[in-house]
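Chemist: If you're matching them up, the sequences are chains C and Z in order. Mapped onto the numbering used here, the consecutive letters of the first sequence carry residue numbers -15 to 132. Mapped onto the numbering used here, the consecutive letters of the second sequence carry residue numbers -15 to 132.
Treat the hints as calculated values from the structure; they're not laboratory data. We put the CB at the ideal spot given by N, CA and C, even for glycine. A hint or two may mislead.
[Said to hold, decoys possible] If you want the ones that stay clear, here's a sample from chain Z, every Cβ over 12 Å from chain C, calculated:
{"#": "1", "residue": "D(-10)"}
{"#": "2", "residue": "A19"}
{"#": "3", "residue": "A21"}
{"#": "4", "residue": "G33"}
{"#": "5", "residue": "G62"}
{"#": "6", "residue": "A68"}
{"#": "7", "residue": "V74"}
{"#": "8", "residue": "N86"}
{"#": "9", "residue": "W89"}
{"#": "10", "residue": "R112"}
{"#": "11", "residue": "W124"}
[To be verified] Here's a subset of chain C near chain Z, in silico, CB distances under 8 Å, partners left out:
{"#": "12", "residue": "M(-15)"}
{"#": "13", "residue": "P(-9)"}
{"#": "14", "residue": "Y(-1)"}
{"#": "15", "residue": "R3"}
{"#": "16", "residue": "V44"}
{"#": "17", "residue": "V51"}
{"#": "18", "residue": "E81"}
{"#": "19", "residue": "I85"}
{"#": "20", "residue": "V87"}
{"#": "21", "residue": "R92"}
{"#": "22", "residue": "A94"}
{"#": "23", "residue": "W124"}
{"#": "24", "residue": "P129"}
{"#": "25", "residue": "P132"}
[As the list claims (entries may be wrong)] Straight-line Cα separation of at most 27 Å, BS3-like style, residue types lysine-lysine; simulated pairs:
{"#": "26", "chain 1": "C", "residue 1": "K(-13)", "chain 2": "C", "residue 2": "K9"}
{"#": "27", "chain 1": "Z", "residue 1": "K(-13)", "chain 2": "Z", "residue 2": "K9"}
{"#": "28", "chain 1": "C", "residue 1": "K(-13)", "chain 2": "Z", "residue 2": "K9"}
{"#": "29", "chain 1": "Z", "residue 1": "K(-13)", "chain 2": "C", "residue 2": "K9"}
{"#": "30", "chain 1": "C", "residue 1": "K(-13)", "chain 2": "Z", "residue 2": "K(-13)"}
Chain by chain, the residues run as shown.
Number of protein chains: 2
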Amino acid sequence: MLKGLDPALTPDLLYQLARMGHGDKVVVVDRNYPAYAAGRPVAHLAGIGAPAAVAAICSVMPLDTFVPSPLAAMEVVGDPARPAVTAEVVAAAEAAEGRAINVRWIERFAFYSEARGAAVIVATAEARPYGCYILTKGVWPSFTPPTP
Amino acid sequence: MLKGLDPALTPDLLYQLARMGHGDKVVVVDRNYPAYAAGRPVAHLAGIGAPAAVAAICSVMPLDTFVPSPLAAMEVVGDPARPAVTAEVVAAAEAAEGRAINVRWIERFAFYSEARGAAVIVATAEARPYGCYILTKGVWPSFTPPTP
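All chains should be modelled from the sequences, with the hints used to inform the complete structure.
Modeler: Now the structure itself:
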C-alpha cells in the first residue's frame, strides 16, 4: 500500500503509467480480449472490472485535453447499442476528471490496430463483452506535497 | 507526470516502493555510496539531494509505527557530530508523517550490512558525506479516491 494510491494500481501498472507522457495511450480490456496480441506490455488487474480499472488509472493519470476525446470505446459489432459497461466507464473517467468526457467509438478491428501503438494493455477481469477502452494521457502541470 | 505524485518519483522508484510491504526497507544514499555493492535493485534520482529524496519517498510511503525508529542514519566515523544533512532528512520525514521521528544511528559497516537486506537502494545526488539513511515501510489502511 502507498499513501493516496488506489490499491488496484499494481506495481507493474503504476510503473507503466509513470513511464508515459502526454499523448501516450493505455488500453483497458475485458477478460476475453487478446491482450498479448498487440505486442505491448500487459498489466493484469485480477478481480477488477473495467469501470474500477479506469477509476484507478484516472486517479493518477490526467486525460488529454488536446484531443476531441481522450476516451475511446469499442463498438458492438452489428449493433448500434451502447453497452452499459461503457456508461459506467465514462462515469468513472468523468468523476476523476471533473468534466464531461466525449466518447470516441471505434470499430472492433480498428481498435485492435490502435492498441498496437499503446504504452500498456491493462487486462481486467471485466466479464461484460465490449468492455474495451483506449485512454490518452494528458499533462499535469503542478505538484503540491500532500499534508499528513 | 502523474496526479498528486512528486516528480522525483521516477517510474523505477515508484515501482520498487509499490512492491514493498510493511517492514521492508528503502536505503537512501549520497553520491559516493557504493549503491550496487548491496546486490539490490538501484533507483537513481539524478539531481535530487537526500532531503528531497526522502520527502518524495515519504509522500507516498508510510513509515513503520511498530518499530522504535523507522529512520536510521549513518554515524560519522570517529566523530559524534550529527551532520546537517541528517537534520534536513529528519525534518522531511517528520513533515510527511506529521509526527516526531526518532533517529536510529548506525555505524558505517553495520549500515552496509543492513543495506544488503533492503528492497531498493536509492542513489541520490546528495553531495554531503554521511547523507545515508534506511527507511522502514509501514502500513496504510485506507484509500479515498481524490477529488478532481
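Chemist: Each hint: holds or not?
Modeler: Do the hints match the structure? See the list:
1. D(-10): violated (6 Å)
2. A19: holds (20 Å)
3. A21: holds (25 Å)
4. G33: Non-interface label on G33/Z holds, nearest chain C Cβ at 16 Å vs cutoff 12 Å.
5. G62: For G62/Z, whose nearest Cβ neighbour in chain C is about 36 Å away, the distance exceeds 12 Å, so it holds.
6. A68: Since the minimum Cβ distance to chain C is about 21 Å, A68/Z lies beyond 12 Å and the statement holds.
7. V74: holds (15 Å)
8. N86: holds (17 Å)
9. W89: Nearest chain C Cβ is 25 Å from W89/Z, so the label holds.
10. R112: R112/Z is indeed farther than 12 Å from all Cβ atoms of chain C, at 22 Å.
11. W124: About 4 Å separates W124/Z from the closest Cβ of chain C, which leaves it inside 12 Å; violated.
12. M(-15): holds (4 Å)
13. P(-9): holds (6 Å)
14. Y(-1): holds (4 Å)
15. R3: holds (5 Å)
16. V44: With Cβ-Cβ at 4 Å, under 8 Å, it holds.
17. V51: violated (17 Å)
18. E81: Where the cut-off is 8 Å and the nearest Cβ of chain Z is about 6 Å from E81/C, the hint holds.
19. I85: violated (12 Å)
20. V87: violated (18 Å)
21. R92: At about 31 Å, which exceeds the 8 Å cut-off, the nearest Cβ of chain Z leaves the hint on R92/C violated.
22. A94: violated (29 Å)
23. W124: holds (4 Å)
24. P129: Cβ of P129/C sits 6 Å from chain Z, so the hint holds.
25. P132: Hint on P132/C: holds, closest Cβ of chain Z at ~3 Å, below 8 Å.
26. K(-13)/C / K9/C: holds (25 Å)
27. K(-13)/Z / K9/Z: holds (25 Å)
28. K(-13)/C / K9/Z: Holds. K(-13)/C to K9/Z sits at ~16 Å (cutoff 27 Å).
29. K(-13)/Z / K9/C: holds (16 Å)
30. K(-13)/C / K(-13)/Z: Distance ~13 Å between K(-13)/C and K(-13)/Z Cα, so the pair holds.
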